[in-house]
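Engineer: Each chain, letter by letter, is given below.
There are 2 protein chains.
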Amino acid sequence: MKTIVDFSCPAPHTAKDTILLGHGSGGSLTDDLIRSIFLPAFHNPVLNRLDDQAIVIVNGSRLALTTDSFVIKPLFFPGGDIGSLAVHGTVNDLAMGGAKPLFLSAAFILEEGLSMGVLERVVRSMQEVAQVAGVQIVTGDTKVVEKGSGDQLFINTTGIGVVPDELSLSASNAQPGDKVLLSGTIGDHGIAILAHREGLEFESQIQSDSAVLYGLVAEMLGVTPQIRCMRDPTRGGVSSALNEIAQQSSVGIELVESQIPVREEVRGACEMLGLDPLYVANEGKLLAIVAPEVAELVVGAMRQHPFGKNSQIIGTVSGKHPGLVTMRTALGTTRIVDMLPGDQLPRIC
Amino acid sequence: MKTIVDFSCPAPHTAKDTILLGHGSGGSLTDDLIRSIFLPAFHNPVLNRLDDQAIVIVNGSRLALTTDSFVIKPLFFPGGDIGSLAVHGTVNDLAMGGAKPLFLSAAFILEEGLSMGVLERVVRSMQEVAQVAGVQIVTGDTKVVEKGSGDQLFINTTGIGVVPDELSLSASNAQPGDKVLLSGTIGDHGIAILAHREGLEFESQIQSDSAVLYGLVAEMLGVTPQIRCMRDPTRGGVSSALNEIAQQSSVGIELVESQIPVREEVRGACEMLGLDPLYVANEGKLLAIVAPEVAELVVGAMRQHPFGKNSQIIGTVSGKHPGLVTMRTALGTTRIVDMLPGDQLPRIC
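Line order of the protein sequences matches chains F and D. The letter at position 245 of the first sequence is residue 245 when you use the numbering used here, and the numbering goes up by one with no holes. The letter at position 267 of the second sequence is residue 267 when you use the numbering used here, and the numbering goes up by one with no holes.
None of the hints are false.
For chains that are exact copies, the list does not tell them apart, and a pair is met inside one copy or across any two.
Derived DSSO-like pairs (lysine-lysine); straight-line CA-CA distance at most 27 Å:
| # | residue 1 | residue 2 |
| --- | --- | --- |
| 1 | K309 | K100 |
| 2 | K16 | K147 |
| 3 | K147 | K73 |
Hints listed in this document are in silico derivations from the structure and should not be mistaken for laboratory results.
Start from the sequences, fold in the hints, and give me the full structure.
Structural biologist: So, in structure tokens, the structure goes:
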């Protein structure tokens, strides 16, 4: 059986002793870095779960804590900018743990020579999106590095939220028989960035799907507590998110290609560029693993929400091939959907 | 009367519409950036206090939240490295709010080509220091940027802690008559970095004072609740920290030069380099403003702690000259200790 992460053999083009762009891809090189450097040093029961947010108990309350740095290039793109993305990304990581997002910190690393107008525009955008998300930015930090030691502007946002007592969402919870739900079309963010970065023009402009997902999550949790886990398929796309769940839960995941919604323009761009939409980043979509008996109920609730109107049941969790994600293609064959080692598109978030 | 931050007139060498290195100095250019860009966008009662940590209420508990990015150059220096500093810095910002530090996030921005051994050494150092500080690193993030778009390794740490109900430390609390306490010698961190960076040699090697201050804070809070505020004088040194307090509390602060401890080697290095130790960064010292009747009691408690054995009462809060820090020099004259606009030493943390 094929294992998803093979430590015995370095990924192609890996110089084992230096950091590669692929180590930031969200694929198997990132996973390797986490398991070989970060986990051995920091290991503790909360971190070891490797969810997108840590759940900790403080004075009897269950708090979610999550952090993300944003290094996206370019800073402004159709459908958003590094500021809106920095708020969406962190708020969504909280929401994927079922947490109501409350407060954010914002830390800026600025490159000497950055235009003050650019910074101001990004900061205003952060605030607009924070208001929509119902969070307050309550503390911050600014560092400046010499020209050539950074790239305009990097932002870290770290968020805290509260998780209801009865809720326990985790990538370790998937069970054979569960259904895999997806909230809409995939690949929009990655292709929007790539097209904008490379100056590609399509008949209609592809927009990033960057959005706040907590409202959608609240709708889903409103209809049933039987949601096992949620993930927003950002870096590394649907493939990485589902491979992580398959691995953490020791289950197989079987997808049905015809059920996975992809915009026509995105599919076209992917074909032209030789990309697979399953590996392309999203910033306003979620995957959920739910008990089979509530799958239709949850999808129904998702479709009522503006950010879930194209929701689909895209697959099933299986007891066979633990750790493996497979897909029945439109042609009726089955293929393995493994994690890429590195990047299709670097600096996508 | 001289105002500390003068918005009517740009600081020397300011190109008003671009980011300068000085905007990251912790001096008046940083203050200007916060007040002109960040506060107008994000303003909310918690952020507006401009303390080193935000205090928020979650499910009835008072939580402290603080964030810092670390861009120090070089990564390793006498007395620490970017990893130990990243833990100390954030844990200390929590402690300055009287919070017991509990959990940290750690986010890494790596430059392509960074040696894996360097990363591993830094990560191990973070863990060692986290254990000493009694905090767990529970969540993280890794991004990689192309060679030339970063500078080896930047780290953001964000921390949460709990603040006891009865405690309310804030830079806005200083009152005329209060005493200003300092926990030991100043300038050690900044001069250690500078000496190492520039290859300067002194008779004995100057070490960074980077250390966890929560133990010292707990001792101080153990003897009295009458502590008005605490600050660790990092970037911008004692001068910036006290100017911020003077400004936030609308009080004057009068220092006595002869009471401020400075190591002989640090004083020598400062004289040679034309630096003023009041402006040089510290990473293991704290300033406290306390009610006059408990000043001796608190200093006594501080001197019992290994990180406070050179503690001194260095000045008094006054009702005169609100917003201004002055110092009676060894020669008996009085001079203004204002905030520098920019950097004496860039990338010191």
